[in-house]
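Peer 1: Given the coordinates of chain L, work out where chain W should sit on it, guided by the hints.
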Amino acid sequence: MKTDWKNIDIRTLAGLVSKTLKDKGIDTLLVGGACVSIYTKNRYLSSDLDYVTHSSIKDVTPALEEIGFFRDKSRHFIKEDCPFFIEFISPPPAIGSEPIKEVEHIRTRRGTISLFTPTDCVKDRLAAFYHWNDPQSLGQALMVAKAQKVNIKEIKRWSVKEGYKEKYEVFKDRLK
Amino acid sequence: MLESLFGNIVVEKILFFLNTYGEGYPLGMAKTFGVPVNRIQQQLKRLEEGGIVVSRLAGRVRLYTFNPRYPFLNELKAFISKAYEFLPEEKKEKYYRLRTRPRRAGKPS
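Protein sequences appear in the order of chains L and W.
Residues 1 to 176, numbered by my numbering, are exactly what the first sequence covers, in order.
Residues 1 to 109, numbered by my numbering, are exactly what the second sequence covers, in order.
The following block holds chain L by itself, in its conformation from the complex (with noise of 0.2 Å):
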């Protein structure tokens, strides 16, 4: 099948790295805000895919290679025609103190994602609102929130775990 690199949507590049990393026994996670771009279908575009995986980086670099996606530095990866970048975060996926309990499979021509749930997503991107004061993360929480459904009683769980109970009333409010 033959790839438009110009015009890729980050869905289908997602589809399609995932593919080619489990083709070559490589796990991956898909994790930040391409998992908003997914879940809100573009409302929020990422420009990078951010992916977790216990593999290691130099099985990756070869993997990726092959359709032409090339190391820049640490872990980076560019290809020249194509408008995202894809990056390698450190293992263990984990939304502030906890692991990671569910995961998503979005089916796609390309091939399947593994990703973030629609309710950790909403809790990764609230982390950022959390810890840094982030205005932009609060709006792509409360994007997913609205576009999917989630499990806001688990939003709030977290939320109160983490410390964070009256800046979740805030998220809470907005989602009004």
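Treat the hints as calculated values from the structure; they're not laboratory data.
Each residue gets a CB set at the ideal place from its N, CA and C atoms; glycine is no exception.
Treat the hints with caution; some may be incorrect.
Sample of chain L residues at the chain W side, in silico, Cβ under 10 Å [as the list claims (entries may be wrong)]:
no. : residue
1   : Ser55
2   : Ser74
3   : Arg75
4   : Ile78
5   : Ser90
6   : Pro91
7   : Pro93
8   : Ala94
9   : Ile95
10  : Gly96
11  : Ser97
12  : Glu98
13  : Pro99
14  : Asp124
15  : Ala127
16  : Ala128
Peer 2: Chain W only, in chain L's frame:
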């Protein structure tokens, strides 16, 4: 003291520094410990790639702090705090009890 665990002495110093002062920049840490700034930068880069620290620009200075989203942060800080108790008094005095309160600009030094 923790060199064998962390692989080198500079990482140990950086972790004690951040645990004590909350944040730091490479040149400041290098001057405090009397080690070349590139060695500090090298280890900060490694810690940042591992998700243990994060950095942001404040003017022209890159400030480093512990990453509040690092899943083992509480445990790491508890460990560093415990190890700190075992440091010799003169090291604590020399490196980890520096002035951090504000100093008005223009005041004679």
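Peer 1: A closest beta-carbon separation below 10 Å is what the hint needs, so does Gly96 of chain L meet it against chain W?
Peer 2: holds, 7 Å
Peer 1: Taking the least C-beta to C-beta distance, is Pro93 of chain L closer than 10 Å to chain W?
Peer 2: holds, 9 Å
Peer 1: Hold the hint about Ser55 of chain L up to the distance rule: shortest CB distance to chain W must be less than 10 Å.
Peer 2: violated, 16 Å
Peer 1: Would you check whether Ser74 of chain L satisfies its interface hint, that is, whether its CB is within less than 10 Å of any CB in chain W?
Peer 2: holds, 6 Å
Peer 1: Just to be careful: measuring from the Cβ of Arg75 of chain L to every Cβ in chain W, is the smallest value less than 10 Å?
Peer 2: holds, 6 Å
Peer 1: Holds or violated: Ala128 of chain L as interface residue toward chain W, Cβ cutoff 10 Å?
Peer 2: holds, 8 Å
Peer 1: Given Ile78 of chain L was flagged as interface, is its beta-carbon under 10 Å from a beta-carbon of chain W?
Peer 2: violated, 17 Å
Peer 1: Should the interface hint for Ser97 of chain L be scored as holding, given a Cβ-Cβ cut-off of 10 Å against chain W?
Peer 2: Holds, because the Cβ-Cβ distance from Ser97 of chain L to chain W comes to roughly 5 Å (cut-off 10 Å).
Peer 1: Just to be careful: measuring from the Cβ of Ser90 of chain L to every Cβ in chain W, is the smallest value less than 10 Å?
Peer 2: Ser90 of chain L check passes; min Cβ-Cβ to chain W is 4 Å, inside 10 Å.
Peer 1: When the nearest CB of chain W is found for Ala127 of chain L, is that gap smaller than 10 Å?
Peer 2: holds, 5 Å
Peer 1: Does the CB of Glu98 of chain L sit less than 10 Å away from some CB of chain W?
Peer 2: With a minimum Cβ separation of about 7 Å from chain W (threshold 10 Å), the hint on Glu98 of chain L holds.
Peer 1: Go through the hint on Ala94 of chain L and say holds or violated, using the shortest Cβ distance to chain W against 10 Å.
Peer 2: Constraint on Ala94 of chain L satisfied, holds at 4 Å.
Violated hints, in rising order: 1 and 4; the structure is consistent with all others.
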